[in-house]
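Protein sequences appear in the order of chains C and V.
Read in order, the letters of the first sequence correspond to residues 1 to 894 in this note's numbering.
Read in order, the letters of the second sequence correspond to residues 895 to 1430 in this note's numbering.
If you're looking for bench data, these hints aren't it; they were derived computationally from the structure.
Misleading hints may appear alongside valid ones.
Stated by the list, open to error - On the chain V side, residues computed to face chain C include the following (Cβ under 8 Å):
(1) A1004
(2) L1011
(3) I1162
(4) S1221
(5) A1285
(6) F1381
Glycine included, each C-beta is placed from N, C-alpha and C at the ideal position.
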Amino acid sequence: MAAVTVDSLLQNPTILLRPKSKVLLKPSRSLDCSRNRKTLRSRSSCFCSFKPRRTSHVVRASSSETALVDSFDTSSSDDVLYKETFPVERIEKVEGKIFIRLDQSKNQQDWQLTVGCSLPAKWILHWGVSYVGDSGSEWDQPPKNMRPPGSIPIRDYAIDTPLKKPSKGDMFHEVKIDFNPSSEIAAIHFVLKDDETGAWYQHRGRDFKVPLVDYLEDDGNTVGAKRGFGVWSGALQQFSNVLHKAEASPAGSPNNNNESKDSKNKNRPLEGFYEEQSIVKELSVGNLVNVAVRKSPETEKLVLYLETDIPGDVVVHWGVCRDDAKRWEIPAAPYPPETTLFKNKALRTLLQPKATGDRSGALFTLNEEVFGFVFVLKLDDNTWLKFKENDFYVPLSGASSVPGQHGQSDSTSEEISSKSYTDGIINEIRNLVSGLSAEKSQKTKTKEAQESILQEIEQLAAEAYSIFRSSIATYPEEDVLETDTSTTEPAVKISSGTGTGFEILCQGFNWESHKSGRWYMELKEKASEISSLGFTVIWLPPPTESVSPEGYMPKDLYNLNSRYGTIDELKELVKSLHEVGLKVLGDVVLNHRCAHFKNQNGIWNIFGGRLNWDDRAVVCDDPHFQGRGNKSSGDSFHAAPNIDHSQEFVRNDIKEWLGWLRHEIGYDGWRLDFVRGFWGGYVKDYLDASEPYFAVGEYWDSLSYTYGEMDHNQDAHRQRIIDWINATNGTAGAFDVTTKGILHSALERCEYWRLSDQKGKPPGVVGWWPSRAVTFIENHDTGSTQGHWRFPGGKEMQGYAYILTHPGTPAVFYDHISSHYRSEIAALISIRNRNQIHCRSTIKIVKAERDVYAAIMDEKVAMKIGPGYYEPPSGPQRWSVALEGKDYKVWEAS
Amino acid sequence: MEVSVMSSSQAKICKTELGLRDLRSCFGRNNDQNKIFSRRPNTVSFDSQISRLRKAGLRFTVKAVDSEPILEAKSSTSSKSLDRSRLFVGLPLDVVSDGTTFNHARAISAGLKALKLLGVEGVELPVWWGVVENEEMGKYNWSGYLAVAEMVQKAGLKLHVSLCFHASSEPKIQLPKWVMKIAESQSSIFFTDRSGQHYQGCLSLAVDNLAVLDGKTPIQVYQDFCESFKAEFSPFIGSTIKGISMGLGPDGELRYPSHHKPARSGTIAGVGEFQCYDTNMLNLLKQHAEANGNPLWGLGGPHDAPTYDQPPISNNFFKDHGGSWESSYGNFFLSWYSSQLVSHGNRLLSLASSIFGDSKVDVYGKVPLMHSWYKTRAHPSELTAGFYNTASRDGYEAVAEMFARNSCKIILPGMDLSDEQQPHNSLSSPESLLAQIQTTCNKHEVEIAGQNLASGAPGGLEQIKKNMLGENPIDLFTYQRMGAHFFSPEHFPWFTEFVRSLNQPELHPDDLPSEEVQAIESVQTSSDPNIHLQTA
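Please put together the full structure from these sequences, using the hints given.
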């Protein structure tokens, strides 16, 4: 398989469309029309696939294996001590063209706009028109007769029309729009969208604009306007040749430029034109590195043959090691040709192209006592290729002891790479540092050196962090904030404060949900739907018997028959939710509990049921309930007896109850009601005992206002929430009430400057402790039919555009996903998931002005809310619009 | 005049080896000298000189380097250390927890590399009495700590060792087992409060010279410990190990354990309690009272002091006006109580400086920042902790004088605290207290090193920076403390930014109140532009 060259891979549309699939093993048709395409390998985005190649692939690749062995040696394959194919994955940038042609159609009456693209993809033209007299840059729906077949209207201003290949053999996709120039249409606007990747392609950061009327103002994004045909030259001519070829196909042939040139001569106000825009698409390209080792019968030495199909100059940066520590050493000569010594640390060998020209390789002769062969690859654009972010490693001593075992290192390399992960990084740093010291006299340091050191520092810190968190000292650690409940993936640590860090919550009920009496069953129907929207966690209503139907006045904690359904229905629901991959939070009310009986004074403070506490379980500082416990450790909730959590028997009973809920019902975690009412330290106690997957507390108190106007600085408010999280030792997150409050003011009053604090960070809890902030805009209390503190009407999507793109763990209210916002919310969630925005993602606020707020997350997602103007800067990333709605817009970097 | 100005303000610049990966900023402790100059009639020419030099930073550098030999000659006897602004990071408290085991070795190894690249000077290593000499008296196990020292040396970092003769609650590290065993029958070796509660975090200072430990006095035991340390670590001392902190009491600090539990964040700390109720303290008090002709005063501590968590107003002793602290009894008691603490500090520091004095290390002792209630007249938190510092009396004079006498330097924790972050109405003022101690120490020429109390507190790093670069620049700062949180995405980026900003302080002119500091900075920035690249 590896015999297929990259160039030809790229030309094969099938492969380009599914870069991840292994069809690249198929020999491709050799199509040769890519002279306009350049492959650009990005400097920093190369990485290796994490999956070691399975044997099956090797089998499928048998043709190339043969080729390898052939080129390696003709002697019998028994001599081969070791053979391994390392898959490597690179990001390649492929450049193509978008072409736009305006010309008169055959009947000399109508005109035709053709938009095409030479890169294969599932292209969609997203377009609209503007009419004469329109001001601004708003689009309108084009008249029906302009819409080509297959068009889909998008809201009231745009049309999506797929691009098609004019015929099967063509290498490009195009769409033609016919229109009558006498209509009032002033311009056609469009952008191109790759429907598979969701990437948008724009023109200078804006939509393409084809003016049909002369006097249109040139906003800088017009194409073809009054430019004539001076643009024709060299490369374009070649491209037009391609078009010529395509023209030979029977149906739907595009007009070539000569025709349009003619049409230009005949026309007065409207001029035909043809223009091309270059377009760059990122593709991940799989390549292979084959290594085979055999023992040379004559010299008793090992001969290692390395070959790869990566195009261009490939330098192997290599060394040997003598033990498990994989410390690089320089072996004794002889070295292959084109080998140089690199800073006494490693050898560099330039791979020699094979006779066939599409592969390159080198032969290394090594002494037998060498333990292993380590290498990384350096490509001709200074990109480094590593294996699983580690050095490639070829065990040699093992190979000689077990001769002829192919693919044995599948498991070996896996194990090694995890084991020597840290060492690998440190080696890398050591190389880097020594490299720097060697050059310190030279004043050649560049910004890049600085950047790379910073990156290495970050990597090391991340490494230290993950080991610190997983390593257990003989004594408990001093400042571990997070208790790990899982050790499956070192990269993704689960702690009850954050879950995996990639959680998105759905509040699975509202204030009315109890009314049907069968909410559990209704929700069960929706389980897969909720999961498919991209949620990972769902919060269910309080399950206990309750004096109020909504469940927040619990009575007998062990009686789980409520207005939402029976205990069995609850179990069934939890099971279904688990089946679709959702974690389930139980809403537990620990602050207060309604009594069953009166005491001798006629006060309701004696409990029944399994937890038959008496008035000693009630705090003593609320005179209504005559408790005999200690003073409350928090604020009072006056409607029911507040539980005294300082009593050990109470705590033990609650821990037991939470454990029962975990096991009996299957809850994965908790939403903790009214945690203002008792000390967060007790919550830590409960969470340590019940070991939830995720937990979030409701610490809701008032923001700071001065003369009825909300203060800009809500630090005191968020500090109270942070204090509570701190008291729980970070074992729980908390709803970010601060952010909700600030969003209220910002959106309601058009004061978007509020969304940045004095330090340029988000002003809510999410700005200070993002991993513990559960952001939300509405819940059953603030909204629903209660509306205690409703989010500004009509601006909910701005709120979601904020919380679903920002760090923190966002929570979406049930009412909103069952409203017309549903598809927009789903789109935001999918942007979040696609770009792997998580609770600790970095945020850079780039604008916080009166009428617009904009931020960039992880350098991958940009967003703005507010009516004001913002476009992400064109920098190293190319931004394409991922979603747009009323007063908000979200971009993705491509 | 001109030459000497430059040599004084330049002292550190010459020595900072403006070279590779050295992020520390180059602020010398030049204020003393500058102050002297500014009192002279030619102040004006001095100032103009500075500003002129700032404009031509390069010239300043060149000249300054030229002046180095002069300085060397002048200071060769006065200072054996390389003073400059250096940043250390504390290793986890439990880096060694049972003598031989090096906990989190892989994490620390990666962490050290990161710190080195970042330009941090070194790390602080807490060495616990209860770990090294845990089993029996005189039987030391240094192997775990030696492994740490070796790794630090290999990483090219410096080491500051804190000898901890106290216990830690989190992670739980107790005093040595054999000491705890003795304490079972002899609880009076611990500090005791009015209600008879013992503090098991360190030995009472009253037993310093009593042979309570199997025939040896605690001072002798500490001395043996220090000598064993010196013998074992001799290959490192002076090269890798640049500083040693002598543990002086609870949390290593020179104080009484007047506050048993730390105040919860956001809450107001109480005043604490006097700790003079163990048998030996009471004996000392009794003798002292009798010697003063007031035997009745020697029967116990103040009867009208509040309890741990109470505010000063809740009883009579600390009242702002008419409180007993101002009475002659108050003065009698507080003088005695605080002098006991200073004598204890003197015993330990003279011990340490006699052992380590001939090595090329600096000896430090830690003085707490008892900032609660600083804005009241009585300063109750300081009084209960053993510092007789009130609105009308500088209690740090005696302390600074004692440090000066032993040529030791002071470590002050709490450099991350700002008044702004204190709870409202707490009457606390960490910044004023810090300023007071600094002034007193300057007077006695005692150098101050900094430390923070908590990592990740809002505004903490800004405050540290302010203190490091402020009017009394700190030449050594130990940032506490490495661990999961330290490297977490919530914290580490801030720390990186902090370290980098220390190197580029010109970006924050607000933090630079004094002219001469800016002048020196311009030297740094005008030197090799590559420093930033390589260090950052």
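Here's how the hints hold up against the structure:
Hint on A1004 (chain V) holds. Least Cβ distance to chain C is approximately 4 Å, under the 8 Å limit. With 8 Å as the threshold, the beta carbon of L1011 (chain V) comes within range of chain C, its nearest partner Cβ sitting at about 5 Å, so the hint holds. With 8 Å as the threshold, the beta carbon of I1162 (chain V) stays out of range of chain C, its nearest partner Cβ sitting at about 13 Å, so the hint is violated. Annotation: S1221 (chain V) was flagged as interfacial toward chain C, and the flag is violated, the nearest CB pair being 35 Å apart, outside 8 Å.
Residue-level restraint check for A1285 (chain V) is violated (minimum Cβ-Cβ distance to chain C is 30 Å; threshold 8 Å). A cut of 8 Å between beta carbons decides the hint on F1381 (chain V): the least distance to chain C is about 4 Å, and the hint holds.
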